[in-house]
Amino acid sequence: MITIELPRALGVQVNGDNAVRLDSGDMTVKDALAELGRISPPALDRLINERGEVRQHVNLFVDDENIRFLEGLDSRLQDGSTLFVLAAISGG
Amino acid sequence: MKDSGAAKNGSEVVLLVGTMKGAFVFRSDPSRKNWRMEGPHFRGESVYSLFHDARGGRNRTFAAATSMIWGGTLRTSDDFGNTWSEPDQHSVRFPEDSGLALAQIWQVTAGHPSEPDVLYCGVEPAALFKSTDAGDSWTPVEGLLKHEQRPRWQPGAGGLCLHTIITDPKDSNRMLIAISAAGVYRTDDGGHTWIPRNVGVRAEFLPDKYPEFGQCVHKVVHHPARPERLFLQNHWGLYRSDDWGESWQDIANGVPSDFGFAMAMHPQQQDTVYIVPLESDMFRCTPEAKLRVYRTTDAGQTWEALTGGLPQSDAYETVLRDCLATDSLDAAGVYFGTRSGKLFGSSDEGSTWNEIAGNLPPIVCVKTAVVAT
Chain C
150 MITIELPRAL GVQVNGDNAV RLDSGDMTVK DALAELGRIS PPALDRLINE
200 RGEVRQHVNL FVDDENIRFL EGLDSRLQDG STLFVLAAIS GG
Chain W
-11 MKDSGAAKNG SEVVLLVGTM KGAFVFRSDP SRKNWRMEGP HFRGESVYSL
39 FHDARGGRNR TFAAATSMIW GGTLRTSDDF GNTWSEPDQH SVRFPEDSGL
89 ALAQIWQVTA GHPSEPDVLY CGVEPAALFK STDAGDSWTP VEGLLKHEQR
139 PRWQPGAGGL CLHTIITDPK DSNRMLIAIS AAGVYRTDDG GHTWIPRNVG
189 VRAEFLPDKY PEFGQCVHKV VHHPARPERL FLQNHWGLYR SDDWGESWQD
239 IANGVPSDFG FAMAMHPQQQ DTVYIVPLES DMFRCTPEAK LRVYRTTDAG
289 QTWEALTGGL PQSDAYETVL RDCLATDSLD AAGVYFGTRS GKLFGSSDEG
339 STWNEIAGNL PPIVCVKTAV VAT
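Here the protein sequences come in this chain order: C and W. Counting from 150, one number per residue, gives the positions in the first sequence under this note's numbering. Counting from -11, one number per residue, gives the positions in the second sequence under this note's numbering.
Worth double-checking, as some hints may not be accurate.
As the list claims (entries may be wrong) - Here are some, though not all, of the chain C residues that point toward chain W, as calculated from beta-carbon distances under 10 angstroms:
hint, residue
1, L159
2, A183
3, S189
4, P190
5, P191
6, L196
7, E199
8, G201
9, Q205
10, H206
11, V207
12, R217
13, G221
14, D223
15, A237
Stated by the list, open to error - As a list, the in silico SDA-like pairs of lysine to any residue whose alpha-carbon atoms are at most 25 angstroms apart:
hint, chain 1, residue 1, chain 2, residue 2
16, W, K9, C, N198
17, C, K179, W, K134
18, W, K197, W, A213
19, C, K179, W, D85
Keep in mind that the hints were calculated from the coordinates and are not lab data. We treat Cβ as the ideally placed atom computed from N, Cα and C, and that holds for glycine.
Please take these sequences and the hints and turn them into a complete structure.
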């Protein structure tokens, strides 16, 4: 089981929950986001731009590590992993 | 035909005000003395473009709301903001093979009068999108998207933005757009080909001061009754063209600075234009710390300062490119918003001004509509 934790600020819930659970034991972050997009197209649209890139001020963590310091969207999620979607500390 | 304030009993004047932290809607009866504020809509999101479309029996307001985190979305409301659409997917999207990604929507405007379901929007990175279904779906105008000069277009401080769209009421195949900093381009064949139209417009920041393209045009306006006459506020320079942009003449006659962003056309008078000059691109505040709107009534031969009710000391204000607008009543209402969050309005064509709101977030867009009640 892999869990995707979405921020409330995203304003998108899946079945009334901010957590999406994927019945998979091993997948990349890119695959997990594709699965999220099938469940909730608006959620994916707000995380990824037309070029398939993570938006500049969105941070994705596999458990406690930012994917920027792993292998980006090719980072691996293992059974029991959580993919955290977080808004960066940016603004003005 | 002129709109008469008296004849507009039963109508309402609406100001659509975009800020860095959301959109506000102000409403007044045609006297335009007392305004009722609603909002903010899209709290925390910048709203650089608003547009009200009353064609085709619609009463639809468009708002380009951009979240720094989650990206930009074009929202619509058919009840002036009581409810807004929440699209599943961003409707203004670059095709995957373009290699581009939407940064911001800078302008939404109506298409040719004969095509009431057509709208255009200008975006950053610079591109023009067209809708033929009243804004439900959008596709890029390929002739501009794949323009051979695109690789040499350079962004200004606001990004590489297509911020001005002008249609020709006499010819649905003709359209003029402006990009910072690529300059003015015109199509005469419905968007298939685009020719730069910048002859006479100075590019102070380039070695060649009069290049074919690359100018940092800030705003262009015209009057629908005389569409070939264009007025242009440049990044340094104030110009007029009488031939649809084939050539431009300097009309900075008597203004304290020919630098500025905002420019608005009088709704009835073909030779009357409003601007708000700013002191230099290094300072970008009102000259001499006086907040002055300038008006020409003779197509730029002369300009007069409009100061009634505006602060004339210690006023270090900035008015951005889409923050000056007129309404369609007679006498015309004129409105502008500042980066310091002040919204001013005049119900007598600019002779006297009142502060409508003084403590808004930084204002980046002011648009008007006169609607039936």
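To see whether the hints hold, each was checked on the structure:
1. With its C-beta approaching chain W no nearer than about 7 angstroms, C/L159 sits inside the 10 angstroms limit, and its interface hint holds.
2. At its closest, the beta carbon of C/A183 sits 15 angstroms from a beta carbon of chain W; the interface hint therefore is violated under the 10 angstroms criterion.
3. Against a cut-off of 10 angstroms between C-beta atoms, the interface hint on C/S189 holds, since the closest Cβ of chain W lies about 9 angstroms away.
4. Interface restraint check: C/P190 against chain W, minimum CB-CB distance 5 angstroms, threshold 10 angstroms, status holds.
5. Given hint, C/P191 at the interface with chain W, holds; its Cβ is 5 angstroms from that chain's nearest Cβ, closer than 10 angstroms.
6. The beta carbon of C/L196 is positioned within 10 angstroms of a beta carbon in chain W (closest approach about 8 angstroms), and the interface hint is therefore held.
7. Interface hint at C/E199: satisfied, since its Cβ lies 5 angstroms from the closest Cβ of chain W, which is below the 10 angstroms cut-off.
8. Among the interface hints, the one on C/G201 holds; its C-beta lies about 8 angstroms from the nearest C-beta in chain W, closer than the 10 angstroms criterion.
9. For C/Q205, the suggested interface contact is upheld, since its CB lies about 8 angstroms from the closest CB of chain W, less than 10 angstroms.
10. Taking 10 angstroms as the C-beta cut-off, the interface hint given for C/H206 holds, the closest approach to chain W being about 5 angstroms.
11. Annotation: C/V207 was flagged as interfacial toward chain W, and the flag holds, the nearest CB pair being 6 angstroms apart, inside 10 angstroms.
12. A least Cβ separation of about 16 angstroms between C/R217 and chain W goes past the 10 angstroms threshold, and the interface hint is therefore violated.
13. Checking C/G221 against chain W by beta carbon gives a least distance of about 16 angstroms; that is not within 10 angstroms, so the hint is violated.
14. With 10 angstroms as the threshold, the beta carbon of C/D223 stays out of range of chain W, its nearest partner Cβ sitting at about 19 angstroms, so the hint is violated.
15. Taking 10 angstroms as the C-beta cut-off, the interface hint given for C/A237 holds, the closest approach to chain W being about 7 angstroms.
16. Taking the CA atoms of W/K9 and C/N198, the gap is about 22 angstroms. The hint holds against a cut of 25 angstroms.
17. Of the supplied pair hints, the one linking C/K179 and W/K134 is violated, its CA atoms being roughly 30 angstroms apart against a limit of 25 angstroms.
18. Annotation: proposed proximity of W/K197 to W/A213 is violated, straight-line Cα distance about 33 angstroms (limit 25 angstroms).
19. Restraint check for C/K179 and W/D85: the C-alpha separation of about 19 angstroms stays at or below 25 angstroms, so the hint holds.
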